[in-house]
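S.K.: Below, each chain spelled out in residue letters.
2 protein chains.
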Amino acid sequence: MTQQPSAQALVPFVSVENMMRLVHQIGLERILIDLTDAIEEDFLRWDCFDKTPRVASHSDIGVIELMPTSDGLRYGFKYVNGHPKNTREGLQTVTAFGMLAEVATGYPLLLSEMTLLTALRTAATSAMATRHLAPGDATVMAMIGNGAQSEFQALALKAVNGIREVRLYDIDPEATRKCAANLAGSGLKVVPCSSPQEAIEGAQVITTCTADKQYATILTDNMVGAGVHINAIGGDCPGKTELHRDILHRAEIFVEYTPQTRIEGEIQQVAPDHPVTELCQVIAGKAQGRRDARQITLFDGVGFAIEDFSALRKIHDYVQDGKFCQNLDMIADPDNPRDLFGMLMRSK
Amino acid sequence: MTQQPSAQALVPFVSVENMMRLVHQIGLERILIDLTDAIEEDFLRWDCFDKTPRVASHSDIGVIELMPTSDGLRYGFKYVNGHPKNTREGLQTVTAFGMLAEVATGYPLLLSEMTLLTALRTAATSAMATRHLAPGDATVMAMIGNGAQSEFQALALKAVNGIREVRLYDIDPEATRKCAANLAGSGLKVVPCSSPQEAIEGAQVITTCTADKQYATILTDNMVGAGVHINAIGGDCPGKTELHRDILHRAEIFVEYTPQTRIEGEIQQVAPDHPVTELCQVIAGKAQGRRDARQITLFDGVGFAIEDFSALRKIHDYVQDGKFCQNLDMIADPDNPRDLFGMLMRSK
Chain G
1 MTQQPSAQAL VPFVSVENMM RLVHQIGLER ILIDLTDAIE EDFLRWDCFD
51 KTPRVASHSD IGVIELMPTS DGLRYGFKYV NGHPKNTREG LQTVTAFGML
101 AEVATGYPLL LSEMTLLTAL RTAATSAMAT RHLAPGDATV MAMIGNGAQS
151 EFQALALKAV NGIREVRLYD IDPEATRKCA ANLAGSGLKV VPCSSPQEAI
201 EGAQVITTCT ADKQYATILT DNMVGAGVHI NAIGGDCPGK TELHRDILHR
251 AEIFVEYTPQ TRIEGEIQQV APDHPVTELC QVIAGKAQGR RDARQITLFD
301 GVGFAIEDFS ALRKIHDYVQ DGKFCQNLDM IADPDNPRDL FGMLMRSK
Chain W
1 MTQQPSAQAL VPFVSVENMM RLVHQIGLER ILIDLTDAIE EDFLRWDCFD
51 KTPRVASHSD IGVIELMPTS DGLRYGFKYV NGHPKNTREG LQTVTAFGML
101 AEVATGYPLL LSEMTLLTAL RTAATSAMAT RHLAPGDATV MAMIGNGAQS
151 EFQALALKAV NGIREVRLYD IDPEATRKCA ANLAGSGLKV VPCSSPQEAI
201 EGAQVITTCT ADKQYATILT DNMVGAGVHI NAIGGDCPGK TELHRDILHR
251 AEIFVEYTPQ TRIEGEIQQV APDHPVTELC QVIAGKAQGR RDARQITLFD
301 GVGFAIEDFS ALRKIHDYVQ DGKFCQNLDM IADPDNPRDL FGMLMRSK
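Protein chains in written order, with full-length UniProt numbering: chain G, 1 to 348; chain W, 1 to 348.
It is worth saying that the hints were derived from the structure and are not from the lab.
Hints should not be assumed to be uniformly reliable.
Because identical chains share one entry, a pair is satisfied inside a single copy or across any pair of copies.
[To be verified] Below, in silico cross-link-like pairs of lysine-lysine (DSBU-like), each with a Cα-Cα straight-line distance of 35 Å or less:
1) K323 to K51
2) K189 to K348
3) K348 to K323
4) K51 to K85
5) K189 to K85
6) K286 to K51
7) K85 to K348
Note that the structure is predicted; figures quoted are calculated from it, not measured.
With these hints in hand, go ahead and build the complete structure from the sequences.
M.R.: In structure tokens, the structure reads:
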């Protein structure tokens with residue numbers, strides 16, 4: 001006879017299907033705004049967090065990473081892979097799931113799919129950076145790279161930053177067609193372009209998000225005019241960058257967590273002491289963001305564990321009523337905690 | 001309308017209830033033997049593995065750890081906490097779950113409860129060490145510390161090493177009563193004892209597994225006679241040990257992974273260059289195990305990621321027929337991998 005597990009032994013799990021239902025229920029733009037605010041709240045209390053560079057297991061064809069962090073009350077981690085060749089096999093380049101746990105007991109509070117959630121929080125992080133760095137009157141963005149992340153980026157900047165026009169470019173016109181079709185009806189003016197030059201025409205914000213695992217030059221120096229803000233989020237692992245290094249020398253560079261970005265970001269291309277500013281400093285008012293209208297600002301985004309933590313705690317809030325999760329019998333819970341064996345024997 | 005996720009998007013999950021059903025179906029002693037062999041196979045190919053010390057997040061009252069490893073084909077990690085005060089609140093000191101994934105794609109292959117599985121693999125690891133280090137004619141063991149791990153230790157040494165009598169001692173007589181009751185009918189002769197001295201009388205193998213998070217002295221030097229083998233598995237984090245340091249100077253010490261054991265094991269008490277032998281060397285025939293009948297051998301076990309990997313791959317083998325797992329919709333799987341957004345929109 002099996003005894004019923006106690007409440008703490010059951011871990012609420014948000015499946016892919018439930019995550020999609022949750023997004024439809026709350027509204028995609030609303031969630032993007034909420035996540036932007038949640039991440040900003042956590043960046044404001046940056047010093048509360050345990051900050052560890054991610055723990056990566058590299059192979060020839062990809063990487064599997066664990067990204068843990070804690071604010072002293074809750075602990076979160078994300079499992080995420082990066083396998084650029086996966087798309088050729090009909091698989092996702094990046095899949096992810098994550099967990100939130102209680103520091104006081106070590107017991108899990110939430111298990112969640114994070115492939116969709118990572119797309120949402122990555123877009124929200126760009127929106128947060130754009131809020132603090134882009135020119136105040138920005139209404140036009142260029143989206144270079146029209147893969148799985150592109151629509152989320154565009155919609156986050158619409159919802160949070162007031163972007164009204166998105167100009168699309170991808171080396172694969174099929175990707176651009178897909179992105180344009182998905183954004184039709186979003187309220188954004190969508191302009192498919194046939195070159196990066198055309199895409200950045202009139203854009204105050206440029207977001208690059210391409211997936212090659214190599215040093216690439218998506219933007220060259222002469223393409224970037226005064227006053228723009230760049231979200232460079234595709235260069236996110238050693239050996240993978242998107243911008244010509246000359247741009248880095250003209251721009252003021254902002255990062256999430258310097259020790260990690262030095263290894264994974266665009267700034268791999270410059271000297272290890274090249275000046276950068278952490279976004280948390282800007283958000284806390286301890287460092288300046290955009291200084292003037294002609295400055296080029298660059299958010300060298302690689303994705304950091306605290307953003308996943310913020311996303312997980314927000315999802316945990318959303319699912320409190322139990323509507324969008326199922327309970328997993330994941331934690332062995334004997335009546336007498338020292339009698340794990342007895343629990344096993346009595347279940348016969 | 002929601003599309004059906006593909007097979008790779010579904011992750012087989014072994015719940016606590018299914019793990020218990022699996023144990024009853026296969027038989028506890030059979031599983032302990034299988035796990036001992038699986039761990040030994042992996043220790044034999046030690047050099048194939050990525051070895052990282054665990055990634056720990058410490059708080060005043062406990063620790064949450066991630067333990068990743070990979071053999072190049074598969075990647076595994078375990079989430080595990082350690083909160084000694086949890087038992088006072090009716091919770092487990094240690095709870096755990098883990099995952100096995102495919103290195104080639106980064107996609108998860110298995111999610112499993114690991115509270116029970118950790119108890120099984122910890123016992124199997126002691127059995128493996130005992131197989132290579134204990135006197136050949138060992139039939140009597142002392143089990144010092146009669147908590148959640150104790151019955152598993154006794155049964156593994158019965159199944160793998162031919163132990164016929166177990167002598168129990170715990171500072172809490174209630175724990176000893178519980179352990180003795182659980183082992184009644186196991187085929188072992190069970191002898192509850194009222195002191196550690198009484199427990200080790202006539203024992204060729206002594207296993208210590210106590211849970212205090214402090215330097216403790218469960219065994220003093222004068223208690224340990226010539227020729228015994230000790231499995232010291234309770235001292236497994238910084239500041240937590242069980243043996244008097246003089247015993248360490250008389251014994252030949254064997255460890256799993258030296259860099260981790262120096263920090264977490266009994267050998268925290270001795271010089272950082274105190275000689276130790278890695279078990280994998282003994283198993284591969286590259287180092288000697290027990291030299292003679294009068295030697296004291298000590299397995300300073302702290303638990304290592306490869307043992308969890310072995311356990312996960314064995315469970316993955318066991319559940320191939322799908323009888324002991326449920327499929328979790330955990331990985332977002334759009335028809336077109338670059339169209340995550342389209343999948344979300346179409347699910348409306």
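S.K.: Take the hints in turn and mark each one as holding or not.
M.R.: Hints, one by one, checked against the model:
| no. | hint | verdict |
| --- | --- | --- |
| 1 | K323 to K51 | within (33 Å within a copy, 41 Å between copies) |
| 2 | K189 to K348 | between (63 Å within a copy, 23 Å between copies) |
| 3 | K348 to K323 | both (33 Å within a copy, 16 Å between copies) |
| 4 | K51 to K85 | both (30 Å within a copy, 26 Å between copies) |
| 5 | K189 to K85 | within (32 Å within a copy, 58 Å between copies) |
| 6 | K286 to K51 | within (20 Å within a copy, 40 Å between copies) |
| 7 | K85 to K348 | between (46 Å within a copy, 29 Å between copies) |
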